[in-house]
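Please model the complete structure; the sequences and the hints are all you need to start from.
The residues making up each chain are set out below.
4 protein chains.
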Amino acid sequence: MILVNLKCYPEGIGRGGLKLARDAERASRETGVCLGVAPQYVDIRLIAEQVRVPVFAQHVDPVLADKNTGAVLPESVYDAGAVGTLVNHSERRLELAAIDECIRRARQVRLTSLVCTSSPEISQAAAALRPDLIAYEPPELIGTGVSVSKARPEAVTDALNLVRETAPGLPVLCGAGITTAEDVRVALKLGTKGVLLASGVVKAKDPYGLLLEMARACT
Amino acid sequence: MILVNLKCYPEGIGRGGLKLARDAERASRETGVCLGVAPQYVDIRLIAEQVRVPVFAQHVDPVLADKNTGAVLPESVYDAGAVGTLVNHSERRLELAAIDECIRRARQVRLTSLVCTSSPEISQAAAALRPDLIAYEPPELIGTGVSVSKARPEAVTDALNLVRETAPGLPVLCGAGITTAEDVRVALKLGTKGVLLASGVVKAKDPYGLLLEMARACT
Amino acid sequence: MILVNLKCYPEGIGRGGLKLARDAERASRETGVCLGVAPQYVDIRLIAEQVRVPVFAQHVDPVLADKNTGAVLPESVYDAGAVGTLVNHSERRLELAAIDECIRRARQVRLTSLVCTSSPEISQAAAALRPDLIAYEPPELIGTGVSVSKARPEAVTDALNLVRETAPGLPVLCGAGITTAEDVRVALKLGTKGVLLASGVVKAKDPYGLLLEMARACT
Amino acid sequence: MILVNLKCYPEGIGRGGLKLARDAERASRETGVCLGVAPQYVDIRLIAEQVRVPVFAQHVDPVLADKNTGAVLPESVYDAGAVGTLVNHSERRLELAAIDECIRRARQVRLTSLVCTSSPEISQAAAALRPDLIAYEPPELIGTGVSVSKARPEAVTDALNLVRETAPGLPVLCGAGITTAEDVRVALKLGTKGVLLASGVVKAKDPYGLLLEMARACT
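Chains as they are written, first to last, in the numbering used here: chain A, 4 to 222; chain B, 4 to 222; chain C, 4 to 222; chain D, 4 to 222.
Hint data in this document are derived by calculation from the structure and do not stem from the laboratory.
Glycine is no exception: its CB is placed at the ideal position from the N, C-alpha and C atoms.
One thing to keep in mind: the hints can contain errors.
Capping the alpha-carbon separation at 25 Å, the derived lysine to any residue pairs in SDA-like fashion look like this [to be verified]:
no., chain 1, residue 1, chain 2, residue 2
1, D, 206, C, 67
2, D, 70, C, 37
3, B, 70, A, 211
4, B, 206, A, 68
5, C, 208, D, 78
6, D, 208, C, 67
7, B, 70, A, 212
8, C, 153, D, 72
Sample of chain B residues with no beta-carbon within 10 Å of chain A, all distances over it, derived [said to hold, decoys possible]:
no., residue
9, 25
10, 107
11, 122
12, 216
Next comes the structure, spelled out in structure tokens:
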């Protein structure tokens, strides 16, 4: 799986996000590999209605459908067409108990929960909460173009082993600094089930071409 | 102005929010009074595209168009069709400096900023930051059905006077516990320019009928 | 081990805290059981200098000795005579990565880290970060007088098993609602190494008498 | 007034903080100028008992004397001998309503509240809440050695004018980058009642000599 986090990048807003989602859809159709996007909240419905890609929220709040002005309600994210949500991204860190609550709330409304973690030990901690997916991303490499799979292969392996110890079968992605098809290939060889990436694709000259190469690296 | 905050109420999600927005639109058309809605982020575009009412975000994050995974980017909210945003709602309180940043960022992207405040003194503090609107809501009355305009008329007057002292001409709304047209009438008589309300309308049996009565109370 | 969290209770400030610490010291001397206190930050040195009990901070910030105005620096807590710190109390919840940082920083300055957890799964998550101690406290029982050891014995057992699976040998305390020596006896019988308590002792008529009974229940 | 914020600097912990407080005491005795310190919480009592200088907390939490594990209770800070507290330092920013609560709670327990602000407008906002003192510090100059009084004299004047408009007579300090007696002299000439400083003194080779010069610049 390749999940493209559009963050708050200007290239990923509105039509820009729609175009990136279409690039992902095309690359997916040509390769059979699962490619998804995590756009701004306001763009979830736009993309989910027009493009056949799995759409993730970048975050949901672990609140109930009640007051909570300003919160991102899991139900509303699901209603808009998302299939999952990031949880605890390093740019949106959550309290431990809130991660647990997010995973439960996501499950309740049938959203896939993908918990982001910043070290092998923290990956094991997240695994204890039984999310649907984990994405290990050393925060110091995020946005650098220095790929986690190449710069920290042993850390990825550690994360995989620790997660396996606590929750065998729980799929682990990796992320941070991933910009080439080769980075993806190495990530899969290490045992991950895919990658979480952002600027590498969002700010690429030819996002479609790059996604296609990355998807081919998965087959 | 009557602004309906849909919060995370189940009645206000997706089609529910769309219906409430249409109720507001109809009441507005019949009376000429400005009625708006503040839906979940994911519903902003849906409503803004299909209904002719001013749409407000319930919150924006004072961040730039860059990384910031999980943040609500002012640009994306504007792109989705919103005309404004709540800032510092009592269920989404912000640091003082962040309120200032939100007001500036909102202005930059042409969103009207409506700062919520919880006491007359805090209303004056907010006025010093020159938002476009202030809504004074005593938090202890929110959701109670006991209206601020009737239970705390002197506090509303204090808020108005203090805001006027610092920023003459800055329009002030009031909110909390407003459930009837009479509450709205009293609020206007006190000198406010309108009301911010939520459950009173969202959970009403006949939201359209109530909004119409409230709008008529404004004329 | 019996650790008395003085929280912000008025009975535990200054001289009050000193007296409670002396009660713990006396009960410890008579029974050989380890009794400690977690007072307000400003009282750590006062108690550590005058009373022979282990003193814990109620929290430390995972920051370095640099700017960080307003933070509770682990080094300063150690310098004042504390031997340990609570981490992630349910009234002071921390981000997952911050818990990890607190444990590391505490270790660095030779403070014992006691991570508080609110469910069996969250206890296992905490165990993955290898703190020195875990205290499992269902938040809904805190301050109720309904003891976790009696009301939720199976949850305590679950927590113990899950922690053991990830970190064999890591001592687990339990807390919430503990007010009698019998509660302590049951907690130990379940396999915990002690209890974390607060109002039950701090607001007791005869804290010394109660602590003595509780300590005897440990022998 | 000259207030030295010891932050989390290693030079200001324990004995280090005590020594700096004694330096301030000596400089105060020789000049008649009021010099104070804001140490780590754990050092408040140590310094207040042994040195005749006004001691400020770096922060207090706006909570009541009840549960609230990990909070800094205003009552306990007062009990330890502090005379005041910083509120909303740029390294410990608070929600607008929390600033209001801190000011009230501080007043209740007879602590002087000194609210830190980061722009002229935010200074006026803070003034609306009627604290005892305001310290205007442009965050981008903090710790730089480039003094606010010299680099931004017009911003200091703006802050003074805006505060005066809302709360005539409310004393304003300034801070950020202040490292020399000349910086202090300029700050006073602009109309401030003193300075808030930190690294400039804490990390000086001869803190006493520098404080003495600065105090003399006030006379």
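Next item on the list: If any of the earlier hints don't hold here, list their numbers in rising order.
Entry: Violated: none.
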